[in-house]
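Using the sequences and the hints, build the whole thing.
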Amino acid sequence: MRVAILGLGSVGRGVASMLARKGLGITVTGIADSKSGISDPAGIDVAAVLEKKAKTGLCGDQAVTARTIAEGGEYDVLVEVTPTDVETGEPALTHIRAALSMGRHVVTSNKGPMALHFRELTALAEEHGVQLRYEATVCGAIPIIQTLQHGLAGNTVHAIYGVMNGTCNYILTRMADEGLTYDQALAEARELGYAEADPTFDVKGIDTALKLVILANTIWNNGVTLKDVECTGIDLLTAEALTLAGSQNSTIRLIGEVVPEKRLLRVSPRILPKKHPLVVRDTLNAVTVVTDMAGAITEVGKGAGSVETASAVIGDLLFIKNCHVTGH
Amino acid sequence: MKIEVKDAPGQLVAALRPISDAGGNIMAVIHEWDPTLRPKTRIVQVVLDLPEERLDGLITTLKAAGVTILRLGEERLLLKRSVIMIGHLMHTDLSDTVGQIDRTGYAEVVEMHMTMPGIAQRSSALLTISATNRAHMDEAVKILRMVAKKKDLLLVEPLEEVA
Numbered sequence: 001m002r003v004a005i006l007g008l009g010s011v012g013r014g015v016a017s018m019l020a021r022k023g024l025g026i027t028v029t030g031i032a033d034s035k036s037g038i039s040d041p042a043g044i045d046v047a048a049v050l051e052k053k054a055k056t057g058l059c060g061d062q063a064v065t066a067r068t069i070a071e072g073g074e075y076d077v078l079v080e081v082t083p084t085d086v087e088t089g090e091p092a093l094t095h096i097r098a099a100l101s102m103g104r105h106v107v108t109s110n111k112g113p114m115a116l117h118f119r120e121l122t123a124l125a126e127e128h129g130v131q132l133r134y135e136a137t138v139c140g141a142i143p144i145i146q147t148l149q150h151g152l153a154g155n156t157v158h159a160i161y162g163v164m165n166g167t168c169n170y171i172l173t174r175m176a177d178e179g180l181t182y183d184q185a186l187a188e189a190r191e192l193g194y195a196e197a198d199p200t201f202d203v204k205g206i207d208t209a210l211k212l213v214i215l216a217n218t219i220w221n222n223g224v225t226l227k228d229v230e231c232t233g234i235d236l237l238t239a240e241a242l243t244l245a246g247s248q249n250s251t252i253r254l255i256g257e258v259v260p261e262k263r264l265l266r267v268s269p270r271i272l273p274k275k276h277p278l279v280v281r282d283t284l285n286a287v288t289v290v291t292d293m294a295g296a297i298t299e300v301g302k303g304a305g306s307v308e309t310a311s312a313v314i315g316d317l318l319f320i321k322n323c324h325v326t327g328h
Numbered sequence: 001m002k003i004e005v006k007d008a009p010g011q012l013v014a015a016l017r018p019i020s021d022a023g024g025n026i027m028a029v030i031h032e033w034d035p036t037l038r039p040k041t042r043i044v045q046v047v048l049d050l051p052e053e054r055l056d057g058l059i060t061t062l063k064a065a066g067v068t069i070l071r072l073g074e075e076r077l078l079l080k081r082s083v084i085m086i087g088h089l090m091h092t093d094l095s096d097t098v099g100q101i102d103r104t105g106y107a108e109v110v111e112m113h114m115t116m117p118g119i120a121q122r123s124s125a126l127l128t129i130s131a132t133n134r135a136h137m138d139e140a141v142k143i144l145r146m147v148a149k150k151k152d153l154l155l156v157e158p159l160e161e162v163a
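From first to last, the protein sequence lines stand for chains L and P.
1 is the number of the first residue of the first sequence in my numbering; add one for each residue after it.
1 is the number of the first residue of the second sequence in my numbering; add one for each residue after it.
Chain P is nowhere near these chain L residues, computed Cβ spacing over 10 Å in every case:
1) Arg21
2) Lys35
3) Ala48
4) Thr56
5) Thr68
6) Glu87
7) Arg97
8) Leu124
9) Ala187
10) Glu191
11) Ala197
12) Cys231
13) Gly301
14) Leu318
Pairwise CB distance ranges, derived in the manner of DEER restraints:
15) P:Asn25 / L:Gly305: 48 to 56 Å
16) L:Gly246 / P:Gly66: 43 to 51 Å
17) L:Arg119 / P:Glu53: 54 to 62 Å
18) L:Glu71 / P:Gln121: 52 to 60 Å
19) P:Asp152 / L:Asn221: 32 to 40 Å
20) L:Asn249 / P:Thr41: 39 to 47 Å
21) P:Ile143 / L:Asn249: 23 to 31 Å
22) P:Lys149 / L:Gly43: 53 to 61 Å
23) L:Gly193 / P:Glu53: 48 to 56 Å
24) L:Pro277 / P:Asp49: 29 to 37 Å
Facing chain L, from chain P, some residues (calculated, C-beta under 10 Å):
25) Ile84
26) Met114
27) Leu154
Read the hints as simulated data drawn from the structure, not as lab findings.
What you are looking at is a predicted structure, and each value in this text was computed from that prediction instead of being measured.
Virtual Cβ for every residue (Gly too), placed ideally from N, Cα, C.
Structure representation (structure tokens):
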């Protein structure tokens, strides 16, 4: 099976290096970063490209772009792992549309296009008889989309609750453990590389809201978007609030919540008993699915990281390879 | 709880007194008139707040006083839920915030812990609300949510999952 990788940031490098190392029967025929690209239908020496990228900042020829690779078509599956833009979904949206329209499968870690255009893109994939898989968009390494689509197939999903943002979870863990203020905990998260220079996207709950939108559409295909989510972040929490919760043997976590029967789609800081399965530490993620047959199922794992996210992307690739691509 | 008392002067007081003697807080007394009942008896529903460990002692006392306890079901315990409010709680009239819950008649703020780190800084308070049942509790929290929105306070609710 031949893949083209668009985006060579943390996720793209993780995917490329694992494909090079693990020998999974996948040939990389195209790679592009934001400034350059390389294409070879016979297969690229991925390790050499990664080395070049580390040395020069470029992965290939500046005349070759992500778009020319996406539209060039020397691949079976497009791996779209460029940075997320929550306003427009671009450039990922154009890449994904191009690949699906040509009848190519797509695997993406990009929340922007999936949250903004879920119905359009899934309909486009269906129309062309190809797979659009996006495990890496929600909760990093946790296989929550596979769980919902396959593991729990046939169940009626009553609700989903989750800790879906590692940055917020780290900040809240530190505030509770050490009595830090929000600003102190945020500064620490930045130093450790868990928080961006502009943390708004994480701490205001937008990242969690995007994940809820993707989960809700995955299960109910109900066309909800970001503006349907009631969203409160953690940036106004005080150290005293964490202490007060602690006095009741509880703590505070940023919870994303989808309950279709109550028409509820909400991100908000919530009080939970310390022993609750969703009270995970540091940058971990946790998600509970409540269904009619299985009852409650909780999955816990790493929500971010280069190789961890690559795990989700590669899981999707091998699912497509095993179930949908023949003759390669 | 639902109790049965004889329809005679002073009987209801006799049945209620042991409750206050045991340290219980009587929240509501509801008389039920049922013509099919045995003559000379009344059914009275009592909503009360009492530490759980004193309940058995109270039952013994009531039985000894000739009071029949018909039912001690879900109603025997009041529902409690704690929320945290953050913001300029005093400057936005804390007693009005609490009053909006207390005035409902079916819910009240029974406990509050508050920390005020400094003048002009936002304070944080843990409020425990007590209500007679889940629907009333949900209603009380909904009121608090609206008040918080209006007064620009952050309300942190407990996670109440669907079963």
